[in-house]
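Residue numbers (the UniProt record's numbering), protein chains in the order written: chain A, 1 to 76; chain B, 1 to 452; chain C, 1 to 374.
Because the hints were derived from the structure by calculation, they are not lab data.
All C-beta atoms, glycine included, are put in the ideal place defined by N, C-alpha and C.
You can trust all of the hints, since none of them are fake.
Cβ-to-Cβ under 7 Å is the rule here; a few derived chain B residues that face chain A:
1) Val394
2) Phe403
3) His437
If you want the building blocks of each chain, they are given just below.
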Amino acid sequence: MVRAIKGVLVECDPSIKAIILDIDSKTHDIIVENLDESHLIIKDNKVAELKRILEERLNEHTKVDSLEEEEEEEDD
Amino acid sequence: MNSQAMKSFEHLEGLSEAIFKRLYQQPATALAVFRRMLPNLAKTFVMAMLFNPDPVPVSSLEAFVRPDQNRLKEEAFGKLRQLYIVTERQGTFALDATFKVELRKALTGGGSPGSFGLPCDTEDKNRVDISFLDRYAAEQWESILHFMVGNETQSSQRPSEGVVRLLLHGKLMEQNRASGTVITQLGFSFLLQEVNSQVWTLLLLYLDMAEQLRMDPVDILHFLFLLGSLELGQDYDMKSLTPTQKGMLEDLRDYGIVYQRKSSSRRFYPTRLATGLTSEIRSLRSPAATLANATPGNDENGFLIIETNYHSPLQIAVLNLFARLISRFPNLVTARITRESIRQAIGKGITAEQIIDYMTANAHPQLRKNSPVLPPTVVDQIRLWQIEGERMKVTSGYLFKEFATNAEFNAVCKYADDIGVLVWIDKNKGMLFVSKHEQIADYIRKRAQSNR
Amino acid sequence: MDKVDGTEHYNFKAPADLATLQVIILDTNPLAWATFEKSSSLSFPAALSQLLIFANAHLAFSQSNRCAVIANHIDGVHFLSPADPGTDHRDPGEADLTPEDLKEIANQNASKYRVFRLLEDEVRASYRRLIKNTTPEAVMACPNSSYLAGALSAALTYINRICFGGTGGRSSGVPGDEKSKVNSAGGKVDETGRTMHAKILVVSVTPDPANQYIPVMNSIFAAQRLKVPIDVCKLRDSTVFLQQAADATGGVYMEPEHPQGLIQYLMMGFLPDHLARQSLILPTKVDVDFRAACFCHKKVLDIGFVCSVCLSIFCEPPQGAVCSTCQVKLDVTSLENIGKPVVLPPKKKKKKKAIDSLPESGVASAAESPVPTE
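Go ahead and model the full structure; you've got the sequences and the hints to work with.
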């Protein structure tokens, strides 16, 4: 019999997906179904939380962004 | 379409069946819903059924459409069902009885007197002309926008308390202890909309607030749709309005949607903001004509030189949302669009499409001669800047899996694609993800029954 | 703070489509309508009312849609709407109205959408003016006359002005050509420089005006070039020209079996616009009568003679064996046997119907005529 599962489809790069999997590995309450290397289904009510954590993680690693902009300021 | 989080016209689609049935009791509303809310093919179906006394078999409507246009057909059927315009019974489609009668009245002119506004039968001693109404509408509307960006000049007075309450209610502005009322992110994207969408956004907020005040939403919508069908420059009599609608006039006057010389006056004039309510054409060019004379720079950032004919503080404030102002002359402002300025705007919840639309809509006639209006390099770059920070795309919906047979899986996939809800599919695992599930569930049930 | 989420940014807009101009060409020959009414019980006023509802339905589709109505009258072509500027706009019926009537009219006006009302009032007033200026003698003198060619030309020139800025669809690629880009409805233009789509509906109760064959065909080809479909609602007498008009321009041809239900035919078959037609299968006539009319006596022919040079069609060899169109001297010696029992197989070619296609039969005779006779 066909099953229908409510959820939110997330489409992202494999690298981002790896981070999401890592976040989930601590609590196991985000991911509903792991579809393929760039798709997964997560719980409805966890979207905002996931986005917040993901952004924090990304910011930890990407200080490059702000550096670039500072350089740009200088050549004006 | 409109991607902002605030209420747009499409929001009306979510009204309940009971409200729609009552909305259709007025020919002006039936006509406005027909024109403004239906896709082209759905309009064609409605007209084909309008003068047919009997319900039409679904099969004959399906035979009317080319087989390769299933998606459009399903979109049309879906919208007609969603707005409760058709009812489906035993394999036939019938137009909602009220909708049918009232739309016929609109086309044949058989409605009761005043169903498209009651023109005054006496001469107005203080008659106003169309250019006066245009000026009045622009002044009122711009005073609201000026207030939002926080520059209240002498020329524009502070909008009324009602307007301020509405802006706060809609979270377009918020109370801030330090600096009083300040604009929010939602407010910024509101500023970038074209005028007609802005008007609808405010009116829907009004509707929302009115419901809390126990005003009848149907009464309000009837009046808004009626305003959309009135004649610019004609004065109308208030006596055919309901008490709720008479009460609305005062608020609408504050927005510049109608003009009344005095609040005790029994006649009112609709402005262009009103008569454009049910049309798809731009009513007034957004706030005033701006000019953007763009030249694609050699710099990979791309340059945009922006001039304003009126150097109104409002336009400059809006430009400041996504461009860095460099210098300001009496009739010219130069600003630079940089990665940083665009990223900042996007951080405030403004989308690249909104920025591009705003620049296109306000381009100077000189620039309008180009096709496309904006240099493609600039447009592409703005879009690229937007997506560089985006790492994921989310779609809420339903995952279907564990199909009994391959044939069933394939049939459901095809159907989902036809009605335009298919988001993701994996043939090997036999799973698919759809954005809406009601119709799919129906389809699976019907299929199961017919196979039994 | 949805910085990492790009969902909203992926929704791009579909390009907006252009509005449509509907031109209705209506036969107003009173005698032809009277005859038709006897056989069908559909009177002219009833038909006009239903056509106006059709026009309203067209205008209801979009605020930027436009409509024009042209009368194909016994003595020429008249625009019913938009009325000619400079003409007397008074409604001749108005003088006879009592104050009560006027009040009644004002009441009715208040119950009608202004766009619909303006069109209706204009069409009805222009029509009354037109009939007032038509004498019974003039009607009796030409019971079946119509100015189809004139009406089609008037419609096409109007379309050219409104939809192409008077450029005939040629100005598309010219840079800096203001006219082709400016448009009342917000400046939208498609790649051919057209600012609006257009379609023509011919409502006809008169027979083919055979003497207008050439101009009618020219109008059809012009419409084809501008991609303007000519829809035909033929209420009485099947017609060859209009079948070809609909066929060549991709329009719809219908001969309603139940003319009293005209409105349903109009709403179902003729209303769909350019966009809807791309996804619909519309009812139309499949087997089209391709017969042509001869240039000499304007008769509709099954079989005829074709000039080997310019492809003009004749019902009999032209006088003096000179083509009346291009003045070329034709060799008619091989035509001697026409009408006699055919013995030689090659001569059979000449009997080929002119209906398949004009150039082909032209080739047939062209191949024959220069050949020296045995």
